Amino acid sequence: MTATVRAGGNGATPRPHGRGLDLVARRSLLSDVAEVGFRLAPGDRPLVAAGDAIVAGTTIAERLRDPRLVDVPASAADPDARSGDGWSSVGRPLARVRRGDEADSGELIYEHGGRWRVAVGDHLEPIDCPVAGVVRDIRPGIAIRVRAEGRALPGVEALGDPTSGRLSLGSDRGDIRYGRLRSTSLDVGLAGTILVIGSRVDAEALTRARAMGVRGVVVSGLAGKERRDFLASEARQRAALHRLPPFAVLILDGVIRRPIAGPIAAILEALAGTTVAISVDPPALVFDAPKVRVDRPPADHVRVRSGEHAGEEGRWAGLAGIRRFAGGTFLEAGWVVFGNDPPRPVPLADLERFV
Amino acid sequence: MTSDPRAFLAVDQGAATTSAALIGRLAHRWRVIGSLATPAPGDVDAIGTELVRRVHAADPDLADGLGLTTNGAPADIAALAADLPRLVARSAPVRTLLAVAVSDRALEPLATAARKTGWRTQGASLDGHDPFQLMASILDRDVNVLLVGAGDPPGADERRQLDELAAIVAGAVARRAELTVILAGAMADHLARIEPTGAARGGEILLGPPASAGDPPGEPLRRLLDDVRGGPDDPRRAAGRITAALADVLDRRIELIEIGFDGGLRATASPGVEGGEGISQVSIVADAALVPPDPDDATVDRVLAWATISLDRHRLRDRLRELRLWPWSGIAGDGARLRLAAARAALTVLMEATPDQSALPAPDLVVVAGGAFAVAPGPAVALALVDVVRRPAAIAIAQDHARLLGALGVIPDPNERRQALADLVDDVLVPLGSVVIPAGIRAGASAGRLTVHAGTGASDSDLVPGGLELVDLAPGEVATAEFTFRDSVRLGARGRRFAVDVAGGLGGLLVDLRDVPLRLPDRAERRRELLDAWQESLWVTRDR
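Residue numbers (the numbering used here), protein chains in the order written: chain A, 6 to 360; chain B, 36 to 579.
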């Protein structure tokens with residue numbers, strides 16, 4: 006920044022005031038309702054019905070690992086059958102699939118030329134719901150949606166599969182916001198936990214964490230290279246016959262390195278030791294802990310999301326008008342008080358506040 | 036606009052930016068009093084309040100004249116701002132269209148029509164997918180609209196599998212009641228099979244023309260797809276209207292180029308004849324977004340080709356992903372230059388997607404708009420444009436700095452729209468300058484001479500091949516530029532001597548003697564130096 010104007014100096018310097026906070030971008034800290042989605046592909050078999058109350062860990066569907074289509078005569082299905090309905094050969098003497106295909110149950114996909122094409126497969130994988138709640142909607146081949154009990158802390162992206170575990174801040178609590186997970190710091194004592202990493206993690210540490218039985222990781226940012234390597238590792242996992250338990254990475258902020266926001270870190274600290282879940286759709290940390298009290302930050306608390314002061318937090322002190330910043334850009338700015346320092350102008354575009 | 040209020044707010048609620056401009060009636064015409072933009076979703080009430088407060092702070096008499104007082108006093112500014120009438124343009128959220136056909140040959144024109152109407156387009160055919168994959172693609176929740184097409188009559192390669200395609204689509208439509216389905220060409224014959232009987236549907240099933248019908252081919256289908264995509268107050272849908280109105284008001288050929296968060300837009304318009312409305316052609320290309328949702332290697336390469344900051348591919352991809360997540364982030368410092376590099380890359384995509392519009396006569400005025408150009412200095416924006424859009428012509432460049440064209444475009448009545456624009460045009464468009472791009476300059480010490488006759492006198496300069504010649508010409512000033520080239524060049528027509536009327540702007544007159552099309556060094560370091568040197572002369576406010 007090239008134009009730092011300090012308030013409280015000579016008479017020509019504008020004095021900060023609290024006006025204009027409404028112009029700062031809002032970021033939702035917690036949402037009271039969490040609806041978690043699970044994608045289904047054609048042929049996947051839902052095991053629950055809409056309206057069912059489920060507990061955390063319930064297997065809500067089975068995924069076909071090796072889906073293929075087989076033909077059955079239209080007469081082997083109900084006359085009013087429609088795409089998405091289940092099909093079984095039990096009690097249907099005419100339900101013979103074409104030679105070379107072996108199947109006794111599946112999902113009707115489409116009817117063509119007097120025959121139904123049915124999605125079948127030999128290997129099934131369970132899809133577990135990591136949260137307790139009520140099944141809201143089941144759409145074969147599309148998705149199951151569950152209204153989860155509890156609250157949700159939203160992130161920007163979640164990779165992997167929905168999972169749950171005990172929230173662990175790791176061994177060094179001081180590192181919760183700025184910490185970095187190194188693969189050498191992982192051991193089997195962390196099995197079953199969802200680890201809060203802080204600001205940085207690499208793909209090797211993620212792979213090792215999974216191998217050690219860690220269920221998930223919460224991190225502020227994940228670089229593109231680590232993301233790509235993790236997704237490749239996930240793809241290999243999916244291809245393996247004996248899969249490890251589901252594992253997810255919840256990314257709170259984005260790509261570049263920055264500490265976890267203070268208000269979010271406070272919630273994570275309060276949740277330490279509690280069982281939480283990572284939802285992939287939407288990306289969020291879901292928890293049902295009514296006794297955990299969440300204090301919202303003061304209304305004038307702002308965080309610098311990006312730019313020169315990325316990650317710093319302070320107190321809003323009013324609009325600063327259009328200011329010149331590094332690179333010769335002229336931007337709307339606001340005064341922010343960091344700690345005990347005099348107010349500094351920060352582009353409005355770089356600021357966020359928690360609501 | 037025709038009722039009593041002396042001020043109103045023109046609001047543009049875009050995908051990445053919420054902006055509002057305070058428009059006031061002064062001396063019997065509408066004027067832009069002030070504008071403000073914040074990251075979306077911004078608080079329009081807060082923006083309006085701040086705008087009104089600034090008017091009060093700057094000129095209490097003006098506030099009183101605009102009726103922004105209560106009994107002559109600035110009572111409750113928030114209430115005054117909340118009471119202001121609003122003209123609102125809301126960008127329709129970008130949606131995904133899956134084009135489906137029996138063969139890849141039949142798929143291509145469908146996908147092309149969709150790509151030019153703002154849809155994030157995917158394609159699938161029975162050529163490339165097995166029926167199971169095709170069904171899974173249609174059932175993907177990210178797909179909002181399904182376009183199923185066939186020739187009319189269907190081609191020989193389509194007939195055999197058309198019935199099976201209809202069966203697959205019918206199966207998917209039965210599961211997804213919310214899906215909007217367009218049956219184009221001969222697929223319309225399968226309506227009875229595809230339309231579920233007795234079931235309540237949220238999504239529509241529409242019958243459309245074949246992808247190759249109309250003049251130019253595909254135009255009727257494009258119109259239908261545009262209708263399905265945009266809401267009534269979507270500024271991109273209104274781009275054709277406002278560009279045509281601008282062409283009428285200024286009586287010039289206009290090209291509007293916008294690069295935004297969810298896509299790029301290119302609208303060309305000519306003035307109407309004999310009192311009629313101007314004629315416009317609009318292409319909206321989702322792939323020409325500032326940063327696509329998941330930047331791939333091709334995107335990174337495109338941006339890297341224009342980047343003036345030294346970044347490896349991984350870091351550049353990270354910066355682009357961050358820009359996609361938080362479009363306003365890191366806006367100062369080298370972030371501004373990165374945005375302009377990404378804007379050039381998006382412009383390249385937009386130009387490649389619209390060759391038919393490039394083939395039209397060069398416009399007299401190019402208007403740039405969109406968040407991609409929001410923070411860079413005007414002259415640097417003009418350079419970014421001519422780096423990519425290289426037509427041998429003399430054109431004026433202006434910028435819709437307050438994002439007002441979108442809001443004005445949603446005024447439904449054409450006369451009212453034209454009248455509002457006639458009042459506001461000088462405030463809406465910031466003149467960035469004029470650019471002259473002669474093509475066919477040969478290498479050498481000198482390409483010729485330039486003499487600029489302006490109101491303040493004449494200036495004379497040498498024309499150096501491969502370089503940029505800058506002539507100071509303030510906004511509002513007009514001049515005649517006389518070129519005497521050593522060899523014959525193309526500048527509209529072929530010749531050696533030209534006299535061109537040019538208008539001033541923030542960047543003055545820019546004579547671009549570089550290659551057409553622009554050729555850049557292959558070596559990254561050398562390319563960066565060259566791009567940086569060109570920008571250096573126009574990024575007048577950057578740190579030195």
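Everything labelled a hint here was simulated from the structure, so no lab data went into it.
All values reported here derive from a predicted model rather than from experimental measurement.
Misleading hints may appear alongside valid ones.
[Stated by the list, open to error] Footprint (simulated), chain B over chain A, 3 or more residues, beta carbon under 8 Å:
hint : region
1    : 50-64
2    : 84-94
3    : 115-126
4    : 139-146
5    : 225-235
6    : 310-317
7    : 326-339
Idealized CB from N, CA, C, for every residue including glycine.
Here's how the hints hold up against the structure:
1. 50-64: violated (count 0)
2. 84-94: holds (count 3)
3. 115-126: holds (count 6)
4. 139-146: Our answer is that it holds, as 3 residues pass the Cβ test (under 8 Å) against chain B, meeting three.
5. 225-235: It holds: at least three residues are needed, and the region 225-235 of chain A offers 3 whose Cβ sits within less than 8 Å of chain B.
6. 310-317: holds (count 5)
7. 326-339: Holds, because 9 residues of the region 326-339 of chain A bring their Cβ atoms closer than 8 Å to Cβ atoms of chain B.
In the structure shown, a violation is registered for the earlier hint numbered 1 alone.
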